[in-house]
Amino acid sequence: MSIESIVDATRAGLAYERLRLDAASRNIAGANVPIAADATATNAEVLGGGGFAAQLGERPVGTRTVLDPGHPMADAQGMVHYPETDMVQEMTTLMTASRGYEANVRAFNLLRSMMLRALEIGAK
Amino acid sequence: MSIEAISALTSVAASQSAAPLSTAASPQADFGRMLGEGIAKLDTSLQAADSQLRAMAAGKDVAVHDVMLSMEQARMGLMFMVEVRNRAVEAYQELMRMQL
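Respectively, the protein sequence lines represent chains A and B.
Number 49 in this note's numbering belongs to position 49 of the first sequence; there are no gaps in the numbering.
Number 56 in this note's numbering belongs to position 56 of the second sequence; there are no gaps in the numbering.
What the hints contain is simulated information worked out from the structure, not anything from laboratory work.
In this text the structure is predicted, and so the values were computed from the model without any measurement.
This list has only true hints and no planted wrong ones.
Which residues of chain A face chain B? A few of them, derived with a C-beta cut under 10 angstroms, are: (1) V7; (2) L14; (3) Y101; (4) F108.
Positions of the beta carbon are idealized from the N, C-alpha and C atoms, including for glycine.
Make a model of the complete structure from these sequences and hints.
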């Protein structure tokens, strides 16, 4: 296994964790943004069906309704619709993505220090 | 980060390896060619890191970890080359010190 392939693995891992953080941040940002009453709410989700070649997609979710007749986006019944975002799920994703990113950086740093240590073989 | 100095080296290494090749397929010539190829490879990785850094500085959508990984990879290659150079110079000096 060459050094390049190990670095590529780390690169893919870092990109994937960043994508997960991207999806979770979008969902948290949109959690309290009202949507039209007849629109279907969507949450960002990492698609890809396994493997690193993942990209951001959208997943339809339910709506959360709040009674607020004075709101400009309230429907006939005075309900305002929001996307149904599972905050616990999103915060967990944030945390695991952050830890995963950290772990990938740690793995790369270890590879680098091993490589530099190898250069010391036979050095005066 | 200027890389012109190193890319100039690759042409020097190529010309140096080309000269002894004409005499015979000696192991010396092969080593020179190998050295030239290694330096050329190092140069491309340094230039890749440089262009990514420039793209990021210009505000393009480049991930920070991509730039850092490329720079570290280039640095590892450079340190390896410096170490090879140290060994070569050491061997040369060892030969020069030999009593005839």
